[in-house]
Amino acid sequence: MHSLAIQFEQNLKKYNDFRLKVEGLIRELLIQNNIGYHKIESRVKNAKRLDEKISRKQKYNDLSDITDLIGVRVITYFEDDVDKIANIIDREFVKDTQNSIDKRILDSDKFGYRSLHEVVTLHEDRKVLTEYKRFKDIKFEIQIRSILQHAWAEIEHDLGYKTESAIPNEFKRSFYRVAALLETADLEFLKIRDGLEKYTKDVGKKIVENPEKVEINAASLKTFIEENELVNKIDLDISKKTGINLNSYYSEDQSMNSRLNFVGITTIKELEDKLIEYNGRISEFAKEFNKIRKKDVVEIDDNENKSYFSKGISLFYLVYVLVSEKNNLDFIEEYSKKFFYNKSKQDIEKHVQDIMNAYSKISKN
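Quick note: the sequence shown uses numbering that gives the first Met the number 0, first residue 0, plus one each step.
If you are wondering where the hints come from, they were derived from the structure by calculation, not from laboratory data. Please note that the accuracy of each hint is not assured.
What the hints assert, rightly or not - Quick list of the computed label-pair ranges, beta carbon to beta carbon:
| id | residue 1 | residue 2 | range |
| --- | --- | --- | --- |
| 1 | Gln57 | Asp101 | 22 to 28 Å |
| 2 | Asp124 | Lys171 | 24 to 30 Å |
| 3 | Asp16 | Lys337 | 50 to 56 Å |
| 4 | Phe330 | Lys232 | 38 to 44 Å |
| 5 | Gly23 | Asp101 | 45 to 51 Å |
| 6 | Asp201 | Leu229 | 20 to 26 Å |
What the hints assert, rightly or not - Only pairs whose alpha carbons sit at most 16 Å apart, straight line, appear in this in silico EDC-like list of lysine to aspartate or glutamate:
| id | residue 1 | residue 2 |
| --- | --- | --- |
| 7 | Lys221 | Asp201 |
| 8 | Lys94 | Asp82 |
| 9 | Lys38 | Glu22 |
| 10 | Lys212 | Glu155 |
| 11 | Lys83 | Glu27 |
| 12 | Lys204 | Glu214 |
| 13 | Lys52 | Glu40 |
| 14 | Lys204 | Glu226 |
| 15 | Lys20 | Asp136 |
| 16 | Lys13 | Glu130 |
| 17 | Lys102 | Glu155 |
| 18 | Lys138 | Glu123 |
| 19 | Lys135 | Asp64 |
| 20 | Lys138 | Glu214 |
| 21 | Lys38 | Glu27 |
| 22 | Lys135 | Glu226 |
| 23 | Lys94 | Asp64 |
| 24 | Lys44 | Asp16 |
Using N, Cα and C, we set each Cβ at its ideal position, and we do this for glycine too.
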């Protein structure tokens with residue numbers, strides 16, 4: 000084994016300690032800069048592979064000449080976060096420009112969908128800190144790639160073909176096609192993300208101007224619940240009549256869209272009209288139903304160990320009233336089976352009966 004590989008093996012703990020330090024540091028930097036990521040992983044080079052590399056390259060005189068003894072990989076959700084993270088890395092570390100490679104700029108004999116590789120060392124102001132002093136001269140590599148770039152790299156590595164000339168001609172078109180599809184998919188995900196952000200930002204205005212054209216979805220429902228005065232009024236009325244506290248925020252219920260669709264409500268205008276029409280009956284039903292099934296419709300605040308309703312609870316009870324109004328046992332049972340999750344047949348039957356009993360009481364008033 001080469002003397003440098005032996006030296007590396009003798010200091011393996013030091014390199015592993017530094018690996019953990021930089022992985023944690025990079026994770027904290029991303030959190031501080033509000034950049035989401037899929038995964039951060041790291042590794043220390045295998046001593047045997049290092050020995051093979053030293054023998055093959057015949058150019059290393061010192062361990063500090065080897066740039067990938069430690070490797071950190073950051074996998075992002077979106078392709079444009081690669082450059083955002085690279086900017087943070089450039090700001091927080093000293094970049095070795097000679098050994099850093101933007102593999103997204105493909106060489107003429109390379110193909111595929113590639114990532115950004117940066118070689119860095121600690122900044123001078125970080126080197127003087129006690130916890131980093133012993134790592135001051137160690138270079139390490141940071142790979143930054145999107146999930147789809149990562150998928151390509153992993154599959155490419157498994158297949159073992161990294162240059163165009165190595166691929167049999169009959170498979171080249173397939174390789175190019177997959178690489179193009181992944182690149183296109185990354186771009187489309189960016190468009191979807193940006194489009195959803197714009198929709199969420201603009202949906203409040205659309206609700207005010209054309210509620211009949213705004214479909215029920217997670218974004219429109221959240222905005223409507225948080226901003227509509229009638230929702231707030233009925234929520235407060237329910238809280239008063241049941242004696243259960245009302246939370247100040249909307250705890251998003253992923254099933255609420257489907258619940259509303261089940262009773263034929265597909266737009267914000269339809270929802271608002273139903274709230275106006277059934278204004279008084281919603282809170283009355285909530286009072287009666289809650290006497291029977293309090294534990295099923297109330298969330299528990301673990302911090303304060305007490306029950307509360309989430310903002311927008313009025314929609315939950317509106318659906319119950321509309322289901323009950325059908326006065327159709329099969330319809331009520333279908334609703335209960337669909338949304339009263341993972342319950343036995345006996346529980347479903349009791350749930351149906353409780354709905355009917357609560358509605359019967361408010362119908363007599």
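Consistency of the hints with the structure:
Between Gln57 and Asp101 the beta carbons are some 27 Å apart, a value that agrees with the proposed interval 22 to 28 Å. Remark: the range hint 24 to 30 Å for Asp124 to Lys171 is contradicted by a beta-carbon distance near 49 Å. One distance hint, 50 to 56 Å for the beta-carbon pair Asp16 and Lys337, holds here, with the actual separation near 54 Å. In this structure the supplied range 38 to 44 Å is violated for Phe330 paired with Lys232, their Cβ-Cβ distance being about 29 Å.
Checking the proposed 45 to 51 Å range against Gly23 and Asp101 shows it is violated: the Cβ atoms sit about 26 Å from each other. Distance hint check: the CB atoms of Asp201 and Leu229 are about 22 Å apart, consistent with the given range 20 to 26 Å. For the hint pairing Lys221 with Asp201, the CA-to-CA distance comes to about 13 Å; that is within 16 Å, so the pair holds. A hinted pair counts as satisfied when its Cα atoms are at most 16 Å apart, and Lys94 with Asp82 qualifies at roughly 14 Å.
A hinted pair counts as satisfied when its Cα atoms are at most 16 Å apart, and Lys38 with Glu22 qualifies at roughly 11 Å. A C-alpha spacing of about 47 Å is found between Lys212 and Glu155, which places the hinted pair above 16 Å, so the restraint is violated. Taking the CA atoms of Lys83 and Glu27, the gap is near 15 Å; set against the 16 Å cutoff, the hint holds. Proximity of Lys204 to Glu214 is assessed by CA-CA distance (about 14 Å); at most 16 Å being required, the pair is judged to hold.
With a C-alpha separation of about 22 Å, the suggested pair Lys52 and Glu40 falls outside the 16 Å cut-off, and the hint is violated. This hinted pair checks out: Lys204 and Glu226 have alpha carbons roughly 11 Å apart, not beyond 16 Å. Only pairs whose Cα atoms come within 16 Å are accepted, and Lys20 paired with Asp136 is accepted, the gap being roughly 14 Å. Between Lys13 and Glu130 the CA atoms are separated by roughly 12 Å; this keeps the pair inside 16 Å, and the hint holds.
About 14 Å separates the Cα atoms of Lys102 and Glu155, which keeps this hinted pair within 16 Å; it holds. Under the criterion of a C-alpha separation no larger than 16 Å, the hint pairing Lys138 with Glu123 is consistent with the structure, at around 13 Å. Taking the CA atoms of Lys135 and Asp64, the gap is near 14 Å; set against the 16 Å cutoff, the hint holds. At most 16 Å may separate the alpha-carbon atoms for a hinted pair to count; Lys138 and Glu214 exceed this at roughly 54 Å.
For the proposed pair Lys38 and Glu27, the alpha carbon gap of about 13 Å is at most 16 Å, so the pair holds. Between Lys135 and Glu226, the direct Cα distance comes to roughly 54 Å. Violation of the 16 Å bound is thereby established for this hinted pair. Distance hint between Lys94 and Asp64 is fulfilled; the C-alpha atoms sit about 14 Å from each other, no more than 16 Å. For the hint linking Lys44 to Asp16, the alpha-carbon distance of about 13 Å falls within 16 Å, and the restraint holds.
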